[in-house]
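Asks: In the order they appear, the protein sequences are chains B and Y.
At position 68 of the first sequence the residue is numbered 68 (our numbering), and the sequence of numbers has no breaks.
Counting the second sequence from 1 gives a position; our numbering is that position plus 1000.
There could be a bad hint or two in this list.
Said to hold, decoys possible - Some but not every residue of chain Y turned toward chain B, in silico, with C-beta under 8 Å:
#, residue
1, M1096
2, F1100
3, R1164
4, Y1171
5, W1397
6, N1432
7, I1435
8, E1448
9, V1488
Said to hold, decoys possible - Below 35 Å or equal to it, Euclidean Cα-Cα: the simulated DSBU-like pairs (lysine-lysine) are:
#, chain 1, residue 1, chain 2, residue 2
10, B, K307, Y, K1302
11, B, K127, B, K114
12, Y, K1484, B, K329
These aren't lab readings, by the way, just hints derived from the structure by calculation.
C-beta: ideal position from N, C-alpha, C; glycine also.
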Amino acid sequence: MRDMDRRTFLLSTGRWLVIAGLAPTLSGCARALRWSESQGRAAGDDTSANPSPATSDTGGSTTETSAGPSTTAGSSTTTPGPSGSTTTSDVRFPDLAVFRGDSPDLNVRAALAKLGGMERFVKRGAKVVVKPNVLTGRPPEYATTTNPVVIATIIEMCLEAGADDVTVLDSPTSSPRSAFQTSGLTQAINEAGGRLKYLSNRDFERVDIPGGQAITSWPLVAQALEADTLINVPIGKTHGMAGLTLAMKNLMGIMGDSRGQIHTDFARKITDVNTVVKPHLVILDAYRILVRNGPTGGNLDDVQMPKTVVAGTSQVSIDAYGTTIMGWKPADLPSLVEAASRGLGEADLSKLAIFEGTA
Amino acid sequence: MPPPVRSAARPRSLHRYRRQFQIVFLLLFLGLLTLTFWPLGTIFLGGFLLADPLLAINSVANGVIRWELLLAIPVLISPLFIGRAFCGYVCPMGFMVELFGPRKERHPGPVSRRILRRVPLFTLVTVFFLILFGSAVFLVFDPLSLFTRTATTLVYPAVDRGLRLAGDALYLAPPLRDGVDSVTGVLTGRLVFANGLTYTLQLVMLATFVGILAVSWWERRLWCRHLCPLGALLGLVGRAAVCGRVVDERACSSCEACTAACPMDAVRDGGVSTDCSRCQLGLECADACSRGAIRWGRRPRKQYEFDPSRRALLKASGLAFVGGFFLFTGLGRIQRNVRLIRPPGARMELDFLSTCARCGQCLKVCPTNVIQPAVFDAGIEGFFTPQMDFRRAYCDWNCNECGKVCPTQAIRELSLEQKRLKVIGRAYIDRNTCIPWAENRDCLVCQELCPTPTKAIVFRSEAVEQPTGTAGTGSGSGQTATVKLPFVVPELCIGCGICEFNCPVANEAAIRVRSTEQTGLLSR
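Assemble the whole structure, with the sequences as input and the hints as a guide.
Replies: Okay, structure coming up:
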């Protein structure tokens, strides 16, 4: 037994308290550090430091595309469309590939085959980010989240194409672990060989939106922007405020900060975000869709089963086709109208090369 | 820590490994607590709290009977045979008090002891009356509850922040990012939380804990000796001890080495007698005895300095009665406190206050951090009972864990289906601050996130005339605009609070969940 006088006692107690207080203090320092760093980035020299995966050259809203790794094989040959037509219009492939069939994975494979195979989008050794819609945790039958089978198929195809790493990420509005697990995605991702990533503050980086009309910068997931291939995999759902949630709105999942603010003046704000984030591949999961009580759902009566998948390279064109699946018209969706009017993509279905088939 | 000089007797005695016992039990305790996260598997968590006789007695007195409470029986009767070994070998709070306390008596001799030795019995009288009055407020000082609560509110937030800090730091080196992501993936929702764990009353917890450690400076292990209510209860049983510390009086030279060595103030009569309500069978006395006269055996010679007279007991009872009577005078106010929302499955307020152990396990298991210790919303008697803070988080649709971990069933276990129908409050829209109502601009975050299968928030599209000079951004333009105005459907709202949490209106949300159980107290 060690004897201790008052001094030693106080010292040892103090030492423990200091150790206990150290972690929070250091963490506070790190926050400050992180803050200054992201400020530097945001106010910094150029937007090319945030390599936006600009697959296509839009009508002038994205100023620099040089830093973004040239990823889509087809797009390297295309010239920027003079105005409205901004899709990666490789003549060999249709703008949209639509497949219907009883098995979601075959639909996806058929659609991708029509678009030139996953190899067109995913190079050997590529780092791929897949962005499903994982709003909250519900089993797949409720059509609240992107179908796990679709996600698993996409992961497998990326790996078959030689991808180095396939990361699936989203920021659910409920606790992330329960959301991914309940929706069946955790298991699907793990079994397919993908990597599930829970987002934390350090993953977000404030990105300038040069052509922004309602927002001029926003914290976005850096990894999604820096990925060699970004694949957006929304699910079709109704949405009280926005009308429908399809591909364009699905990008809210890589937005940080207080996303609730996006809801006011939504059409312009989500269009602003879509000017800087351009997924290389968009696959709309409409195997099951949610037609009422969206986007959270929870009632099997509100689920319909078009058993469809729509794949393409333009968010706007996908959304335009998506509205028809949901029983809407492209002109009914304010965000789509806004994006089309700004030349982000072709929303006029009659001007698109659409391949429809059954798998 | 075996002492340097020791008699050759009893080489196999377990008491030499007392410190090892304490470490193992502490690790077990913290390990189980650390594993208390969503989703709970089949691991039997909270075993320590279920085995706590003080909690068990309070539960039984309030009609909470469950078979797990049988665990408390061996602990309760153990002092008959092994003294308060629970305190010396198992209790993590006792371990902390011992670890951080001085090793030697600072003020030898009975300076303050006379009065302090009376405390345990008075504590028990108070506890008795509090149970009679249906208050479990004394469980704030139950050592296991206190330790759980302290660890929950202080250790895990620190671990959370520390790990996120480490992750942030390592993330600066790109090659390490994959590794950081993998570790984050494993720990998220378990030890690391997206929004960061925070609790109210953290400083109060720290002060209480440090205070308990600090009184040891006045008298060694003063908390364990005289103050701890669980120790008092076990000590009461210990008075009837069949076995305990036995001294061979023929061998004893009355050197009083044992008196000085005892950390629990349990040696009496110059060494030959034992205060069996305090002896924890650490047998420091035996180690200190140069003649090897002390051992564990049958029929210890007992002596208590303080045997309360009837008058003293009556006095104490009177005090406790009056105290208990006035403890609940705040109830009228709590009854109408619409901000006090308990976790789903919680009993009616009066029952809740009389059963909640204030242990904080529900705080620990909550995946969103919405459960917070109440400060004054539940009155003084409800200090540190769990309360929902919907501006900090929301009740997760897929989670029903708080009822599973509650050791006293103050929060009853609900199945997920039951929990999703359990109404804990309802949302009210403040039209003065709600963006669509007050500013003619679309928002509807609350409606979007409402998790009930048929949404409990609906909206009506309405053409509104914009006042000149404002720029409403409904789908219209110019002087009129179409705005989607939200309404709450009271029959569908369960009060999960995700609307209040996500409301983009700063500070006080424009949609707020308020309690619906204003008459709950009276209709128990």
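Asks: Could you run down the list of hints and mark each one as holding or not?
Replies: So, going through the hints one by one against the coordinates:
1. M1096: Nearest chain B Cβ about 10 Å off; hint violated.
2. F1100: holds (6 Å)
3. R1164: The hint holds - Y/R1164 has a Cβ within 8 Å of chain B, the shortest such distance being about 6 Å.
4. Y1171: holds (5 Å)
5. W1397: holds (6 Å)
6. N1432: Constraint on Y/N1432 not satisfied, violated at 17 Å.
7. I1435: holds (6 Å)
8. E1448: holds (6 Å)
9. V1488: violated (14 Å)
10. B/K307 - Y/K1302: violated (82 Å)
11. B/K127 - B/K114: OK: B/K127 and B/K114 at ~23 Å, within 35 Å.
12. Y/K1484 - B/K329: With a Cα-Cα distance of about 20 Å, the restraint between Y/K1484 and B/K329 holds, given a limit of 35 Å.
The earlier numbered hints that this structure contradicts are 1, 6, 9, 10.
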